[in-house]
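Residue numbers (my numbering), protein chains in the order written: chain A, 1 to 167; chain B, 1 to 391; chain C, 1 to 222.
Among the hints, erroneous ones may be present.
[As the list claims (entries may be wrong)] If you want the ones that stay clear, here's a sample from chain B, every Cβ over 12 Å from chain C, calculated:
id, residue
1, Gly23
2, Val30
3, Leu56
4, Gly57
5, Lys156
6, Ala167
7, Gly188
8, Thr203
9, Met377
[Claimed, not checked] With a Cα cut of at most 25 Å, we get these calculated DSS-like pairs of lysine-lysine:
id, chain 1, residue 1, chain 2, residue 2
10, C, Lys148, C, Lys99
11, C, Lys86, C, Lys70
12, A, Lys23, B, Lys4
13, C, Lys92, C, Lys189
14, C, Lys70, C, Lys81
15, C, Lys8, B, Lys380
16, C, Lys172, C, Lys148
17, C, Lys144, B, Lys54
18, C, Lys15, C, Lys86
19, B, Lys54, C, Lys8
20, C, Lys92, C, Lys178
21, C, Lys81, C, Lys144
Since the hints were derived computationally from the structure, they do not count as laboratory data. A virtual CB, placed ideally from N, CA and C, is assigned to each residue, including glycine.
Each chain is listed here by its residues.
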Amino acid sequence: MSFVFWLLAAITVAGGLAAVLLKNLVHCALALTVVFAGLALLFLQLDAQFAGFAQILVYVGAVAILVVFAILLTRSSETPKDGGVFSRTWGAGLAISAAVFAVLGWVVLQSEAGLPREINVPNVTVLQIGNALMGRYVLPLEIVALLLTAALIGAVIVAMHEKGDAK
Amino acid sequence: MLEKADQLFILLRNWIVGFLPAGWQAAAGVVLGVIGIVAVFPGLFAITTVLERKGLGRMQNRIGPNRTGPFGILQPIADAIKSLTKEDIVPLNADAVVHFLAPVFLVVVVFMGFAVLPVGRNMVLVDMDASLLFYFAMGASTEVSIFMAGWSSRNKYSLLGAMRAVAQMISYEVPLLLSSVVVVMMTGSLSLVKIVEAQNQYTWGLPHWYIFTPWGCAAFVMYAIAATAETNRSPFDLPEGESELVAGYFTEYSGFKFALFFLGEYLGMLSISGLGTTLFLGGWSAPLAALNWVPSWIWFFSKVMLSIVVLIWVRGTLPRLRQDQLMNFAWKFVLPMTLLDLMVAALWRFLGDGWARWVVCSAILVIVYVAAGRAGMRGKHFGPRTYRYAE
Amino acid sequence: MLGEGILKGLAETAKNFAGSFVSAERLTTVEYPEQRIPTAENARVFPFLIYDGTDWEAGMRCVACQICEKECPPKCIYIEKSKDKKPDFVGKMQIYPAKFDIDVSVCMSCQICVEVCPFEAIKMDTEFELSTTDRFGGLLFDRKHLAKSNEYYHEIHPTEASEVDARLAEEKAKAEAKAKAATQAAAAKAGAPASGPAPGAAAPTAKAAEALPASKPAGGGE
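Model the full structure from these sequences, guided by the hints.
Written as structure tokens, this is what we have:
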């Protein structure tokens, strides 16, 4: 729990708060990008190089762009909502998110008790990750690949259909 | 003596750091390395701008700038003074914070990419296990800054240019990564230092650079195409095409911020040429075993400048590609060829040593390329255009 | 689509690059303003008024007919007629322009004024280095600024000037011949009352007979 950790955690939480509290939707998307970068830096602080860089490459480089494209293509970024950023049912939202946070926090704390206490952090190289992915975890890898392919084909079909209807 | 010339900058750094107390030495070493990068690469950027303007001029049957200094070599200084003294105009309705942060973010991210390039023997700022992945992570982050620039200007042409630029960069990100993955596969490591060391061996005096293998040559060509598209360089410079979109996503930028964008683009060019040199052209290794006495960093920078010259040459030759032609090319031609290249590289490994694998791999690549090319040409009519006029 | 077109293009630009150092064909620019490429003979920039001889006021060919002012598409010409008359190149008394202004910031170099002028008085100049710090007054050329001599016209457009001179000389010759015929007929007529009606009757036929051959060569030369 060093100073660096608290700093990165503060940045991430601030980004997250900004992502829900800002009026301008594109500002919220950019704050979300800050959250992704903060998470990547937290991974790097834990010496998980591959996870950190993959987080930047995938989330900041692709998902953030996707979010921004979605905002711009649905044209809801032009006028900020009147009446603030809170909807009428904010109480229910707060209760549900508090419940989810409680469950997740309980799970994390329980699992931390179950982890072996190691003095030195194991240095996981990309070679070991690659070997594990191709050896022990090859079935989940293939299933995820299949899922991604299905999503890609589905997206292409949906887009083609829309073009067909428009024509 | 030659060893000293080769390790000149390392020795210099160690000497300077030796003056400081022991606790500060590591940090001071890193700071000196950063100063080195920040001094050298913008200097190369200045040389690149002169080369580009004079080179493009000569290719277009004209002289480039020749009034500032002999043969115009002081032109970058004039450009720097101009951009520093121009008025910084921010549109009234523009999003001031995002408008300010976009060029800053771009330059920061591009500079971070230089940290993992091995510039010479033992000369890399950060030697990480996954340095190639870090480089691509930084490259992917430039898209965010381009979007920020285009959106914050509140200008539909800027936004259009930014969207086109981001779409183009995302499309060519995949062939870029896949053609680099071929090299990673054959080397067995993501670390750029190890990739260069794997290419630093010589057989009969000729080096083991990956460009001299069939799969490496194909991967290099595709890497070059994808790199040209990633840095928004002609013939892929529709997002910043001066005749279409004024200046695309940096229309509303003036003065120093424009200079920062310019710097970011050219540094990106240098950076991706540096990566291409590291992956395919052997990084800092000499072309012939006999030439090893020349310091390694000279080889690296010569190869990078050679790549820049080729980029300028291509810019002066080819017309601009239209957006849909760009995307078609990326998804329908380059991407399948990179996948094929991956399989051919695997075949290369499993065919064992000997001349058979050269013939088989080259044959597969050439035949598929010619077949795909011919198939693409079928159905297209080239010749004088026929027009159909409205009655 | 195999990329050979790209390679051919790269070879061509390489030839351009290398050739620009050695041959002038591959480097067609000059160091302006120290060196200048001479303009072509039929270059045109803005109009000017021609005068014959040495005195620009007396020799000016323009007779202020205002045809160019009416035909000018952007209406950049402004003419004011004079109150008195001066003799033109054939000796006939014509009015002349007291004011003849062309606003070259409006002029679009279409050459219509040159085409419609019946007196070959306005022609196109080739001088283009006209930049000035006075945006309005500096680009309004008055009569004195526009008047340039016929010798200057020969310098900038030699073939055109020779043609124009030939045409004017021919017209002058025709007019002189006509004037000579008129004076001879008047002299014959003046001598007629002394010799009676028969020479008077013969004189008109002689005049008619002389006028006919005089007009025929003029008609043949047209």
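Here is what the structure says about each hint:
1. For Gly23(B), the requirement that its beta carbon stay farther than 12 Å from each beta carbon of chain C is met, with the minimum near 55 Å.
2. The non-interface label for Val30(B) is consistent with chain C: the shortest C-beta to C-beta separation is roughly 42 Å, beyond 12 Å.
3. At the 12 Å boundary, the C-beta of Leu56(B) falls inside the reach of chain C, the nearest C-beta of that chain being 9 Å off.
4. The non-interface label for Gly57(B) is inconsistent with chain C: the shortest C-beta to C-beta separation is roughly 8 Å, within 12 Å.
5. No Cβ of chain C approaches the Cβ of Lys156(B) within 12 Å, the least distance being about 33 Å, so the stated non-interface status holds.
6. At roughly 23 Å, the least C-beta separation between Ala167(B) and chain C is larger than 12 Å, which holds for a residue marked as non-interface.
7. At roughly 32 Å, the least C-beta separation between Gly188(B) and chain C is larger than 12 Å, which holds for a residue marked as non-interface.
8. Every beta carbon of chain C lies more than 12 Å from that of Thr203(B), the smallest distance being close to 29 Å; the non-interface claim holds.
9. In this structure Met377(B) is not separated from chain C by more than 12 Å, as the shortest Cβ-Cβ distance comes to only about 5 Å.
10. Between Lys148(C) and Lys99(C) the alpha-carbon distance is near 16 Å, which keeps this suggested pair within the 25 Å criterion.
11. For the proposed pair Lys86(C) and Lys70(C), the alpha carbon gap of about 23 Å is at most 25 Å, so the pair holds.
12. The hinted pair formed by Lys23(A) and Lys4(B) fails the criterion: a straight-line CA distance of about 60 Å is larger than 25 Å.
13. Between Lys92(C) and Lys189(C) the CA atoms are separated by roughly 23 Å; this keeps the pair inside 25 Å, and the hint holds.
14. Note on Lys70(C) and Lys81(C): the hinted pairing holds, with a Cα-Cα distance of about 14 Å set against a maximum of 25 Å.
15. A threshold of 25 Å between alpha carbons decides the hint, and for Lys8(C) with Lys380(B) the separation of about 20 Å falls inside it, so the pair holds.
16. At most 25 Å may separate the alpha-carbon atoms for a hinted pair to count; Lys172(C) and Lys148(C) meet this at roughly 21 Å.
17. Proximity of Lys144(C) to Lys54(B) is assessed by CA-CA distance (about 46 Å); at most 25 Å being required, the pair is judged violated.
18. For the hint pairing Lys15(C) with Lys86(C), the CA-to-CA distance comes to about 64 Å; that exceeds 25 Å, so the pair is violated.
19. Between the alpha carbons of Lys54(B) and Lys8(C) the distance comes to roughly 22 Å, so the proposed pair stays at or under 25 Å and holds.
20. Between Lys92(C) and Lys178(C) the alpha-carbon distance is near 13 Å, which keeps this suggested pair within the 25 Å criterion.
21. As the CA atoms of Lys81(C) and Lys144(C) are separated by approximately 15 Å, the hinted pair is consistent with the 25 Å bound.
Comparing the model with each numbered hint stated earlier shows that hints 3, 4, 9, 12, 17 and 18 do not hold.
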